[in-house]
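Use the sequences and the hints to build the structure in full.
Protein chains: 6
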Amino acid sequence: MNIPEKGGRELEAILGKIGDQVVQAVAKTSPDLARLLVEYPFGEIYSRPGLDPKTREIVALASLAALATARPQLKMHIHGALLVGCTREEIKEIFLMTTVFAGFPAALNAMDAAREAFEEVERAPSPEGKPT
Amino acid sequence: MNIPEKGGRELEAILGKIGDQVVQAVAKTSPDLARLLVEYPFGEIYSRPGLDPKTREIVALASLAALATARPQLKMHIHGALLVGCTREEIKEIFLMTTVFAGFPAALNAMDAAREAFEEVERAPSPEGKPT
Amino acid sequence: MNIPEKGGRELEAILGKIGDQVVQAVAKTSPDLARLLVEYPFGEIYSRPGLDPKTREIVALASLAALATARPQLKMHIHGALLVGCTREEIKEIFLMTTVFAGFPAALNAMDAAREAFEEVERAPSPEGKPT
Amino acid sequence: MNIPEKGGRELEAILGKIGDQVVQAVAKTSPDLARLLVEYPFGEIYSRPGLDPKTREIVALASLAALATARPQLKMHIHGALLVGCTREEIKEIFLMTTVFAGFPAALNAMDAAREAFEEVERAPSPEGKPT
Amino acid sequence: MNIPEKGGRELEAILGKIGDQVVQAVAKTSPDLARLLVEYPFGEIYSRPGLDPKTREIVALASLAALATARPQLKMHIHGALLVGCTREEIKEIFLMTTVFAGFPAALNAMDAAREAFEEVERAPSPEGKPT
Amino acid sequence: MNIPEKGGRELEAILGKIGDQVVQAVAKTSPDLARLLVEYPFGEIYSRPGLDPKTREIVALASLAALATARPQLKMHIHGALLVGCTREEIKEIFLMTTVFAGFPAALNAMDAAREAFEEVERAPSPEGKPT
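Sequence lines, in order, name chains A, B, C, D, E and F.
The letter at position 104 of the first sequence is residue 414 when you use our numbering, and the numbering goes up by one with no holes.
The letter at position 85 of the second sequence is residue 395 when you use our numbering, and the numbering goes up by one with no holes.
The letter at position 125 of the third sequence is residue 435 when you use our numbering, and the numbering goes up by one with no holes.
The letter at position 111 of the fourth sequence is residue 421 when you use our numbering, and the numbering goes up by one with no holes.
The letter at position 132 of the fifth sequence is residue 442 when you use our numbering, and the numbering goes up by one with no holes.
The letter at position 15 of the sixth sequence is residue 325 when you use our numbering, and the numbering goes up by one with no holes.
Any given hint might turn out to be false.
Same chains, same names: a pair is fine if it fits in one copy or spans any two.
What the hints assert, rightly or not - Calculated cross-link-like contacts (lysine-lysine; reagent style BS3-like; alpha-carbon spacing at most 27 Å):
| # | residue 1 | residue 2 |
| --- | --- | --- |
| 1 | LYS402 | LYS338 |
| 2 | LYS327 | LYS316 |
| 3 | LYS385 | LYS316 |
| 4 | LYS327 | LYS364 |
Keep in mind that the hints were calculated from the coordinates and are not lab data.
See below:
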C-alpha cells in the first residue's frame, strides 16, 4: 500500500466522514494542499506504528489547545478523539492540563470548542456519538 | 492529604529529583511561584485521577513542543516522561507529530531537546536512565 | 476566608456580573474548570495584595492583546478594566503599546475588541458603563 | 513628501480602497492607531525602496500565515497581494510553505482565508479581480 | 522637539545606559532598525502622555512575559522597570499573573529572566540597583 | 526522479553544506525526522515550480522571524537566502517588516540572528560569502 492509500485509510479511521469533508473542502481552493494533507499528516505520520490512534489524538488535542490558533482543527480532532475511543472526560482532562502549559484563556477556549463538538454529536447521533 | 502535600508527592512521582531542584531554584527568586508550582500544576491538576501519569506526560510533551517557547520545561518533562514509563521511541514519535501541528522548526527543536535530555541520562545513569 | 471564597469575591469585584456568567457557562461543560477558574486566577492570584485591581487589569489587557489568541477573554477583561477604574483612553493606550511588542495586527484586533466592548457598554448602560 | 503623505500613498498603492476603509474603521475607535498605521507600516516601512511591492506582500502573507492570529489582516493582505501583481497560484504556493514552518492547521486556515478573499473578488469584480 | 529627539530622551529616561547600548549594538547590523527603534517605540509611543512610565513598563513586562519569545527584551525591560520605580516585588507579581494568561512555563522563564536581571543589578550597583 | 532524490537535491541547492550537516545531526537522534525533513519540506514543497528559490527563502525568513521561536532554523535560512541570491540588504529589509507584523522584539532578535550569520560568513569565506 502506498502513501496516498495509507493516508486515505488513516484519515477515515481517525476522522471518519469529517476527514473526507475537510479534504474535499480544501481541494476546491488548493488540490495540492488537500493531497499533501492526506499524504503527509495521515499517510506519513498517523500511519506509523509507534503510537496507537487514541494516543495520537491526545497529542493532537494537547498541541492544538496549547497553540490556541486553530479552532476548526481542534474541533475536528475532538470529533476524531471521540471516534478512536477517548471519552469526553479524558478530553476535558487534557484541556484542564492546558491551563498549566498555555494558561487559562487557551484552556477556556479549548473547552468551549469541546462544548461545541459535543453538541454537534448530540444533534447528529452516530456510532461515535454516544456520550461517555 | 491536602493540596500542598498532594502536589509535592505528584512532583516527585513525575519528575523525581529534577522536580525538587526546579522548585528550589525558583524559590530563591520567588517563593510564591515555587509554592504555586507545587500546588496548582501538581497538587490540583497532575494529582487528578482522570489520566494516568504517562498520558499526562504525553500531553505535557505535545503542548510544550507545539508552543516552542519553553525549552527548559520541555527538557524537564522529557526526563519526567522517561521516569513514568514513556520509551525514547514514543517521545520521538510525539515530536514527529509536532511537524504536523506546529511545523518542522518546532519539531526539530523539540527533537534537539530530546537529544540533550537523553545525553544527560547517559551521563548520569539512574533507574529511569535505562535506554529504551 | 478560604480560597474559593476569596476567588468568588475577586471575580465579582473585577468582572462584575460578566464573571459570574462566564463561570456558569464553563460549568455546563466542565465544572472542574469553572471551579479552578474561580480558585486559581481569582482566589490565588488576583486576591494577592501586591498589585491593585487596576494594575492587574492592565497586566491582563497587555498579556491578552500580545498573545492575540483569546478574544473572548480580552473582551471580558476590557469590561473588567472599565469596572475597576481604567478609562477608555488608558485601555486604548495599552493597545497602542501592543504595536511595539506584538505588531500592528495584534494591536488592531485588540482595538477592535475594545470597540466591541465599548459598544456593549453603550447598549447596556450600567454603573460601570459611564463613558470615560 | 513627508511621512504621513508617503504612508497614505503606499497604503493606497498596496491595499487600494480596502486600506482606506480599514483606516477609517480604526479611526472611529482610535484616531491615534489609524494615524500610526498610515505613518509607520506604510509611511516608514512599505515606502522604503529596498523591496518591491510584490515582494513586500509576499513577506506580509508569509508572516501573517505563520502567526495564525490575524485573519482579518491576512485577508486584507491577500487582496493587497492580488492588487500588486501576485497570482492566486503564487499566494497558494506561499501557504503550502506555511505547512513547513508553522504546521498544517496554520496553512489550512490561511488557505481558507484565501478562499474567502478570492470569493470576495469574484463577487465584486474590479481591475484586480481578474482570476489568475 | 521632534520625534527622533523625543525618542532619544524617552529611551534614556526608561532604559538608561542599557537603551543606548542596545541601539548602538543594533546599529552595527542595521542603522535603519536602530533609528526606527528610537523613533517609533520611544519617539511615538513611550513619549505619549496617556500612561506614566511605570505603567508603560508594566505593560512591557506583561506583554513580553506572555509572548515568551523575547528574553533579551524582557530582561532589558526588567532593568527599565526598576529604573522607573517598579519594585522587585511588583515585577515578580506581574510574572505570577503570567501563569494565568500564558501558563506556568512562560511564568517560570520570565521569573528566571528576573533572577538574572536582579543579579546583574547586584553585581553593578547603581542608583536604580537598590534592592526593593 | 523520486521524492527523496528531489528533496536531497533541493536541500543542497538551497542550504549547501549546512543542509547536509543539519540532516546528519538530526539523524543521530531521529533518522525518521531526518528523512521526513528531506522528503517533505525539500522533496515535496521546495521542489515545486510555483516560486523561485529566492522567493522561497524570503517566505522562510518572513515566517521564521515572525514566529520568533526557531532561531537555529532562522539562521540556517539566512545562510540559505544568501546562497540563492538574496543580498544582505534584502534580508535586513525583510526583518524591518517584521516590526510591523510581529513587533520590535521579534525584529530585533531576527536582526541579531542575521548579525551572527553574517559574521559566520565573514569568518568562513565561501562562494556565497561575498558581502553584498
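Hint check results:
no.	hint	in the structure
1	LYS402 - LYS338	between (34 Å within a copy, 12 Å between copies)
2	LYS327 - LYS316	within (16 Å within a copy, 34 Å between copies)
3	LYS385 - LYS316	within (23 Å within a copy, 33 Å between copies)
4	LYS327 - LYS364	within (18 Å within a copy, 31 Å between copies)
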